[in-house]
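Put the two chains together into one complex, using the hints given.
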Amino acid sequence: MTDTNRDDAERLIVKFLDEHEQPTRADWKQLIEAHPEHACQFLDAAFIREIGDAAQVKDEEVVVDPLIQANTLSYALNRLHERGSTSFDAAQSVVNGVKLPADRRKLADQVGIGSQHVVLLNGVLAGRTKAPVRVLRLLADALDVQVMALREVFSRAFMSTVVPSYKSLHEKPRIPLQPGSWEDGVRDLQASPAETARLLMFAEEEPA
Amino acid sequence: MRKRSKELEAQLSSVLNLAPDILLTRIAIRDYRRQGHIASEILATIIRTGSGKHTGVLTAAADEFNRRMVQIATRKWRVVAFVPKVRRKGNRVVQDAVHYMWDNLLSDKSPLSNAETAFIVFVRDRFEEYVRHLGTTDNDMTSVEDLGVTDDDGKKTAFLSTLVDVNAATPEALLIEKQALKTIHQTLMEMPKIERDAFALRTEYEFEWRKVAELLHCSIPTATAHWQSATDKLRGALND
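Protein chains in written order, with our numbering: chain A, 1 to 208; chain B, 1 to 240.
Any given hint could turn out to be false.
[Unchecked claim] Calculated cross-link-like contacts (lysine-lysine; reagent style DSSO-like; alpha-carbon spacing at most 27 Å): (1) B/K193 - A/K29; (2) B/K109 - B/K182; (3) A/K99 - B/K193; (4) B/K233 - B/K211; (5) B/K109 - A/K15; (6) A/K15 - B/K6; (7) B/K211 - A/K99; (8) B/K109 - B/K89.
[To be verified] Stretch by stretch, here's where chain B covers chain A in the computed footprint (C-beta under 8 Å, at least three residues): (9) 84-90; (10) 108-119.
Treat the hints as calculated values from the structure; they're not laboratory data. The C-beta atom is built at its ideal place from N, Cα and C for all residues, glycine as well.
If we strip away everything but chain B, and leave its shape as in the complex, we get (with noise of 0.2 Å):
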């Protein structure tokens, strides 16, 4: 069962006490560090029981809730804008993800929802839900680990060998590590989805090939082709 943590707990038993003007100040302090910042989970609460619908409290937690979320749903957008129909969508989908989180919200009939005990999460979880419905997961999940290059002497090399150590504290190193993985994902956002299925199931998941083909729905020979273009397919961009 969902519960709010000790410090929510203690915000939440001094908003109670708090006059309807102090409570609209605290609640346009945006800088979380700063002294008197109202959590998001409490505004979350006080959007869900109602609170100072009448004083105004209500508008200005919905208001600055509704930004925050804005803020956060803006920031993941750029992270997936290169998925095609994320991209067709434009940042149209900022607002559409923000109107269904908002149902969400409001619709929820459970005793606390998950946006009063770890906002981020719920936005998190609720933006990728979002996601998942326009189906624009044509895309398969891959381990940096799994992947490996062939030397031209057959001789094969893990891949993260291959990049400078990521451990290394300097920026161009954490930076190559950055570009890989993202012509990892776009790679594999550009395959079919059985390729990248494939992929996952066998390199990520290490499932037997009987198997990989059975969740596939395909012979196995059918499934390891797929999985070889993949590899091919990601080896190819890597190399590039």
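One chain only, chain A, in its complex shape (with noise of 0.2 Å):
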């Protein structure tokens, strides 16, 4: 068996376990069948899914090696410093290119929140304004990244804001130390009683 017949036949297995989560007899012959030149390598994973079904461990609390839980955290930590993440990255993209006035209006229209108020979208990309969960979800959709990578690039973004320096003769400088209230951007609008009303129903608990 070469190493290439080892990966076609590796691919074949991982791909037919992802869409049968219980193969049943029949599934692993329909796969020898339409694949026999891996017939072997089949049959083995068969029979490793099978001793592990059959051999059902009671759901109980296991007590693991801490030295194993260590190395194998210490392994983790480092590949993640290593690799980042690659939604964060793939969010971070995103929102980067969502820079020209016009397509910040136009997703401004898209979420619901209108081209008109496209200062409150301005705030959230920039993570000045904290968007509440529901406008998480409809700028994820927006631009098919991943809700809670988006949170994280907006988080990081008002975290990598640049302080201004203040001079003052009269009061201390007021940093924000977290970004402010998805009301507290709504009422700034100073919109009209209803687009306020409006806007703040975005903050509204979503329904279970």
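This is the structure:
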């Protein structure tokens, strides 16, 4: 068996198990018939699945080896540091792409904020205004990115906001330590009462 | 396309609203029955999106997610520990399998990983992949229903009839069935792969002899001989 053959078989097995959470004998047989050249590998995979299913261990707390726990965690954190997050990078790239005023107005319309309130959207994209979950989800859908990655993009955008130099003779500088609330962002628009009420509704809890 | 369940989507929405310090407290809840417990799938999303990198949430999520993976991998390792190559590596298998799971999770470029929709399935599938890569599968799969014994008078008795009724609620009955299955698996493990494959293809999957021979790249008489040898060994082991 060559490495290529092994890889091909492995790919087919992964795909098969992805599509069949509880494969039956008939499912495995179909796979063998479709790809007879990998029959032996499929038989092995089926056996491993069977002995796992046949010897179900009770759902009880298992005492893990603390050294294994420590080694695997160290491995994971190193990998996280090395690789970063593809979801975050993808979301960041998409948000960075929404630069032009026309693009932002279009996005504001898409999520229902309205292009006339693009300033509110600007605050969200810069991380200055905390978007409610509903707005986050609408933006994630419109931009086709993971909602949690998007939230992280806004969070890091806020944290990397440059703190302006400040010179005051009469009072201390006010530097926001966290993003402003959605409500504050809406009220700062000084829109009509109807529009204000409409925008504030975005912050209401979604039905379960 | 993978999708989260409604319950997971609801939990994701609630997590999005949580301040980092609250989220850290929730991540530390290990008992899944306790209110506030964060599902492993949500932890996977936190990790894959790099969420909370600067607030400690990402590290805490990775720690707890890792703990859960190690726990399940340890459990699965014990199940396959009798496989020769797994036995030789000892509990190192657990560590290496979990490393493999992390590599898979962090290199997955799909919008939604299996770990974010079905964590248990993700861990099971990755563990099995790892064991396959070890080349431990000298084994064959067999079906309990297809095994049988032949008495001295030539009368064939189906395997299951030789056991205590497995639908009986007695622990003893279940133990006997479990022991028998273990014997079958161990016997299959010890025989040459060609015999195991012959047995599975003919007995389990009910392929015609011509097809069995074709899949094993041998003649029909040879395939039959392998099958017979496997059957004799299994019968011997069960009769012991």
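Evaluated hints:
Proposed proximity of B/K193 and A/K29 is supported: the alpha carbons are some 18 Å apart, at most 27 Å. Proximity of B/K109 to B/K182 is assessed by CA-CA distance (about 39 Å); at most 27 Å being required, the pair is judged violated. Taking the CA atoms of A/K99 and B/K193, the gap is near 62 Å; set against the 27 Å cutoff, the hint is violated. A hinted pair counts as satisfied when its Cα atoms are at most 27 Å apart, and B/K233 with B/K211 qualifies at roughly 23 Å.
Simply put, B/K109 and A/K15 have alpha-carbon atoms about 16 Å apart, close enough for the 27 Å limit, and the pair holds. Pair hint A/K15 plus B/K6 holds up; C-alpha atoms about 25 Å apart against a cutoff of 27 Å. Among the hinted pairs, B/K211 with A/K99 is inconsistent with the structure: their alpha-carbon atoms are about 63 Å apart, more than 27 Å. Annotation: proposed proximity of B/K109 to B/K89 is violated, straight-line Cα distance about 31 Å (limit 27 Å).
Judged by the Cβ-Cβ criterion of 8 Å, the region 84-90 of chain A is covered by chain B as claimed, because 5 of its residues qualify and three suffice. Counting residues of the region 108-119 of chain A whose C-beta lies closer than 8 Å to any C-beta of chain B gives 0; at least three are required, and the coverage claim is violated.
In summary, the numbered hints that this structure violates are 2, 3, 7, 8 and 10.
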